[in-house]
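Q: Which chain is which? The protein sequence lines are C and F, in order.
Counted from 1, the first sequence has number 227 at position 227 by the UniProt record's numbering; the numbering is strictly sequential.
Counted from 1, the second sequence has number 187 at position 187 by the UniProt record's numbering; the numbering is strictly sequential.
Don't take each hint at face value.
Copies of the same chain look alike in the list, so a pair counts if it works inside one copy or between any two.
Derived DSS-like pairs: lysine-lysine, alpha-carbon spacing no greater than 27 Å straight-line [as the list claims (entries may be wrong)]:
1. Lys94 / Lys211
2. Lys87 / Lys223
3. Lys358 / Lys223
4. Lys315 / Lys357
5. Lys315 / Lys94
6. Lys78 / Lys94
7. Lys223 / Lys307
8. Lys358 / Lys307
9. Lys358 / Lys314
Derived from the structure by calculation, the hints contain no laboratory data.
The structure presented is a predicted model; accordingly, all values stated were derived computationally and were not measured.
Number of protein chains: 2
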Amino acid sequence: MEQEPLLMIPGPVPIPQRVRAAMTRQAINHRGPEFGAAYAETVRTLKTLFGTANELYIISGSGSAGMEAGIANFARDKRIVSLVNGKFGDRFAKIAERYGTVTVLDSEWGTPLDLERLERELEAGAEVVTMVHNETSAGIKNPAPEVGRLARKHDALFIMDGVTSIGGDDVRMDEWGVDIAVVGSQKCLAAPAGLAAIAVGDRAWDRISEKRPFYLDMAAYRKSGRGTPMETPYTPAVPLFLALHEACTIIDEEGVPARIARHRRMADAVRAAAEAWGVDLFPTLDEHHAYSNTATALRIPDGLTDKDLRGTVKKFGIEIAGGQDHLKGKIFRIGTMGGVGAQEILATLAAVQFTLKKSGVAADDGVEAAAGVLLG
Amino acid sequence: MEQEPLLMIPGPVPIPQRVRAAMTRQAINHRGPEFGAAYAETVRTLKTLFGTANELYIISGSGSAGMEAGIANFARDKRIVSLVNGKFGDRFAKIAERYGTVTVLDSEWGTPLDLERLERELEAGAEVVTMVHNETSAGIKNPAPEVGRLARKHDALFIMDGVTSIGGDDVRMDEWGVDIAVVGSQKCLAAPAGLAAIAVGDRAWDRISEKRPFYLDMAAYRKSGRGTPMETPYTPAVPLFLALHEACTIIDEEGVPARIARHRRMADAVRAAAEAWGVDLFPTLDEHHAYSNTATALRIPDGLTDKDLRGTVKKFGIEIAGGQDHLKGKIFRIGTMGGVGAQEILATLAAVQFTLKKSGVAADDGVEAAAGVLLG
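In isolation and in its complexed conformation, chain C is listed as follows (with noise of 0.2 Å):
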């Protein structure tokens, strides 16, 4: 019997059974109050989450799609500074530069964003941040509340990529002082691929731009948003809504503390096999830098490659990630997000450590150093 792959990427992450039996329903009328119940329960465990009261609206799309509906509502033709320090930071600046005049602050990626230099350019009038939270190219994890001050001390719009973070690590969207914030339904929340929900604030919607785009326009979805039944503004991904609304009645029944220190201990087992194994994490962190609780960055041991590394576990039928663009061949990732748990943390460092040791790279019991973190 061949099993089904466990994705132990960072993201898209298994996907209970729950939600997936949720899409198998016949076609609802989307313009109905069925429709528009789910989708109103849904933004309400999704604020819980974003850690905001501001309104928040679910988009057909990627997270990319999310990220764009910030950019070309609320910062176009202005004066943005897009922080760089992995491959979502540089996706996000591109999508910035369709939209306006972009300054990139770049840092090596894993490495501390430089917030000096934000700061000199938010006092030359720079009018809008981007910054990614979690960046998982890196395994890194980027000061949303430094940020969000600085955002504010200067009166710029802060508009985050919570997209791997939000539904798995703390964010505190209306404490940090984000104007916008984004997630993606197949991190974190552990649903399927295709829905992006964004939440924007009252700094931000004062500010809408009066050249919008059509199908990513947020006064649209304001407006459907607003009505009851709550509605989308064009036809929704009708499957997805359900199935990220089961998704979010399963992080209810969790309580999203408890689902916060799960990613949190999943990620310190990750950590805890790897300084056993004597394998170097790669992020380079300071004060204002954490490693990231959803996607841990190693480097790969001298004597193996990333084919042997990463193949030899999907003979166990595992997947976890490499590294992308300059960082192949370099670095592996092992994703910790949703609603995975011990047994699938144990079986993929135990994959990983079968591969390290039988290179020779490690010796040490890094399976039994994320077991005792996992209990606790």
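Given the structure of chain C, go ahead and fit chain F onto it with the hints provided.
A: Frame of chain C, contents of chain F only:
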């Protein structure tokens, strides 16, 4: 036992069990060969339905997103003529207005488009024509071959909304001179809502704009779509792709000519019932225009309200559509799209007939007339 409602509206339509079941499997890697093969096979079937040898890509978004992709990439800053004789023509014009200079050629909803005025606009230098092929808001089919011929004659691009015709009626993109055509997943294809497919011909590719949106950047779709495995530029709505793939397998099994013939027969049956009842069809036709074969619009007879009509039909678990905007209360619409057949048509017409007879506005047996048509 409460039945799932039968949606006999102009989309979304009932989704076959096989198609819904395709969404229940675990998440698969959307950068892998299995996803790529499903995408490529789906594209192959869709090209047959579009009547095209052009490149065709699938966007995770609604039909409106597909239309915006056509406009934003290929009509930006251009002189656009938008033909309008219904709600979706109007929406297409509104999308066009976000990107170019638009002349709207307005006809009363459900009446013929003015091809003479179109030719004058083309002679005056219009560069792009937009038209909805099958205008479900009014039950009219617009003259794609004639518009294509005029656009070619004057070297303009022709962008056609085929959202509710492709897969259910005869469409010959290449033969008719359509440069860009779009279909939605939840109409004649009988898949869930949430995907749009867009086919783009060489004349359009040659004129692609330098300035493009990000999520709907057709150059990005082309780049990812030409690789092996076939990919999308951003994370796709994986379950919806798998569902559409299964829907296309069903279409291949039925065969395209048989599918189109079935749609025609269903619409013929509805029209035969209307004639027997003495209920007027809504559209006014000329030699270039025809009744829609996927959605029939009928005038609500005197002595009956929209609420009574649709409310009574709904008591049988069947949803038919009312009029939109200024046609609300004046017409009702029966969708005959996708996987439905004689069972659904007979049930729907019987429920409508019951309501008409109860109100004393029709006496004759439209169901019998329809049944005769269905048996051929």
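Q: My question is about Lys358 and Lys307: at a cut-off of 27 Å on alpha-carbon distance, are they close within one copy, between copies, both, or neither?
A: within (14 Å within a copy, 73 Å between copies)
Q: What label fits Lys87 with Lys223 when the C-alpha limit is 27 Å: within, between, both, or neither?
A: between (34 Å within a copy, 19 Å between copies)
Q: Check Lys315 against Lys94 for me: Cα-Cα at most 27 Å, and say if that holds within a copy, between copies, both or neither.
A: Answer is neither: 37 Å inside a copy and 53 Å across each miss the 27 Å cutoff.
Q: When Cα atoms must be at most 27 Å apart, do Lys358 and Lys223 count as within-copy, between-copy, both, or neither?
A: neither (59 Å within a copy, 39 Å between copies)
Q: Using 27 Å as the alpha carbon limit, work out where Lys223 and Lys307 are close: within a copy, between copies, both or neither.
A: between (50 Å within a copy, 25 Å between copies)
Q: With identical chains, the pair Lys358 and Lys314 could be close in the same copy or across copies; at 27 Å between alpha carbons, which is it: within, between, both, or neither?
A: within (15 Å within a copy, 66 Å between copies)
Q: Between Lys78 and Lys94, at a C-alpha cutoff of 27 Å, which is it: within one copy, between copies, both, or neither?
A: Classified as both: same-chain Cα gap 14 Å, cross-chain 25 Å, threshold 27 Å.
Q: Using 27 Å as the alpha-carbon threshold, which applies to Lys94 and Lys211: within, between, both, or neither?
A: So Lys94 and Lys211 pass the 27 Å test inside a copy (20 Å) and across (13 Å) alike.
Q: Taking 27 Å as the upper bound on the Cα-Cα distance, should Lys315 and Lys357 be classified as within, between, both, or neither?
A: within (16 Å within a copy, 68 Å between copies)
When the structure is compared with the earlier hints, violations turn up for hints 3, 5 and for no others.
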